[in-house]
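First residue of the sequence shown: 1, per full-length UniProt numbering; consecutive thereafter.
Simulated from the structure, these hints should not be mistaken for laboratory data. In this text, a Cβ means the ideal position worked out from N, Cα and C, and glycines have one as well. Among these hints, one or two may not hold up.
[As the list claims (entries may be wrong)] Each pair of labels, with its calculated beta carbon distance range:
| # | residue 1 | residue 2 | range |
| --- | --- | --- | --- |
| 1 | Asp126 | Arg296 | 47 to 55 Å |
| 2 | Gly281 | Ser491 | 49 to 57 Å |
| 3 | Ser107 | Ser453 | 38 to 46 Å |
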Amino acid sequence: GKAMGVAQHHDAVSGTEKQHVADDYAKKLAKGWDRCEVLVSNALASLSGLKQNFIFCNKLNISVCPRIEDLGQFTVTLYNPLARAVNVFVRIPVNGTRYTVTDPKGSSVLNQIVPVSDSTKAVRKDRGNAVNELVFQARVAALGFSTYSVSRKSDSAVFRRPLPRRKGALKIENEYIRVLFDTNTGLISKIDNLQKNLSLPVTQSFYWDKYQTKCSFLSILQTDLFQEVYQNFSSWCSQTVRLYKKQKFVELEWTVGPIPIRDNIGKEVISRFDTPLKTDGIFYTDSNGREILARRRNYRPTWNLSQTEPVAGNYYPVNSRIYIKDGKIQLTVLTDRSQGGSSIKDGSLELMVHRRLLYDDNRGVGEALSEPGYDGKGLIVRGKHLVFLETVDDSAELHRLQAQAEYMAPWTIMAEGAGTPYSSHLNHVSEFSALKEELPHNLHLLTLAQWDSHSFLIRLEHQFELGESSVYSKPVTVDLTNLFSAFEITSVEEMSLGFNQRKDDVSRLTWKTVQELHSVKTASRHKDTSKHMVVLNPMEIRTFRIHIRHQ
């Protein structure tokens with residue numbers, strides 16, 4: 001917790017600190033992560049009844065997990081911190097070519113073996129040797145875990161089918177989305193929403209300063225679980241455009257770096273989406289993952305702006321999403337980390353994915369922002385952008401839920417063998433949920449923390465804004481006494497948001513302006529019917545102390 005608090009400093013988030021300070025942030029976070037692994041291992045062992053040495057592979061995004069690669073049998077446990085079940089696609093680095101996967105109930109799960117991409121091999125260097133990835137879809141219980149068993153079978157050949165270079169369009173599609181590529185340029189050319197019959201010309205590429213990286217190679221991989229197109233822009237920039245089965249968004253997994261500096265020129269690399277949408281200089285970004293703020297190019301709401309920085313002056317923090325829209329269609333891009341973003345021209349949006357500068361900007365850092373990376377040759381960054389094409393009316397239902405699922409993605413924990421119980425008389429638990437039933441999709445369990453031996457602190461959050469969804473932007477009633485499976489709630493006491501006093505004792509100050517020109521507008525609030533039947537209105541967060549009795 002302390003490491004996370006320190007890392008919330010604005011220089012830690014943006015990377016605008018001296019290198020030795022960045023190293024210290026990383027060290028503190030790594031120590032905190034190690035302690036979390038011990039805590040999770042102990043909790044998982046207690047809940048599952050397994051006597052295991054759990055394996056945490058923190059470099060799965062570059063296909064590195066040496067202790068798993070050659071095993072003939074292992075388990076994959078997924079912990080889900082959300083208060084609703086989620087479906088996720090799991091990718092595990094392996095050296096075998098045929099595996100069986102079974103779910104917590106013992107049923108066989110469709111899986112696919114695909115080769116590790118060349119760009120991934122280049123990024124991980126000598127940190128892993130897996131030649132393939134095992135891919136399968138898992139459903140993970142709400143606020144709990146689900147364990148899948150994996151067994152290796154006799155090997156067979158695996159091939160990546162290359163795309164012949166030909167004129168015309170190439171496409172990948174699933175039940176909801178189609179993505180078309182221009183094989184002359186190698187770029188995305190159009191995205192279709194098949195469910196809503198929407199179509200939007202979209203061109204996405206990477207740029208630095210006034211230069212565009214050119215896509216020189218396309219290859220395609222089609223399986224029963226997903227389809228993907230690999231784009232190579234240069235020796236230091238590549239991207240995989242991926243569509244999983246039954247997913248309503250396009251996944252762009254980009255790899256950028258080390259940014260070359262032999263020309264003695266620093267570079268700031270962006271991913272830009274260009275469309276014909278008529279946006280009138282307006283785009284939208286989130287505020288700390290919650291409320292959505294409208295941004296207008298070259299404009300400030302409280303003073304007349306004389307714009308001297310047409311690019312930097314229009315950049316805004318993007319914590320989880322950015323989007324543009326016209327009267328009917330909305331193009332939304334979700335990020336997996338905080339990035340700078342903007343819409344420098346109508347119909348376009350961009351996100352800065354990497355930068356490497358050679359000179360100090362004389363704004364306090366005292367050194368150039370040129371990070372050395374793993375091998376001292378420059379930092380390599382890999383991340384994801386999730387792209388939604390949807391109607392304006394229905395977009396919030398998708399980006400709200402998926403942004404939360406990305407931010408609180410399941411934690412993958414593995415173990416050798418099939419799982420050994422502590423006692424031969426006990427069956428191990430392969431699936432667990434701390435909830436009696438899932439929370440409604442528009443509610444989020446923001447905090448669940450033990451206060452003392454007989455009480456907990458909980459916070460519930462309504463994660464939709466008023467009017468942004470006809471389905472989810474409504475008050476929701478929750479019965480707190482019927483929420484958790486592990487204990488019984490005996491009493492409920494509402495507290496202030498900071499949990500430092502009872503809600504009934506809060507006395508808010510009433511501010512008066514000189515002329516009383518502005519009246520405060522508040523949305524109508526639905527009232528609780530009892531202490532344990534609580535109502536949450538759009539964007540509301542409520543804090544409670546619950547007293548419990550263990551079952």
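Quiz item: Any of the earlier hints contradicted here, and which numbers?
Solution: The structure breaks none of the hints.
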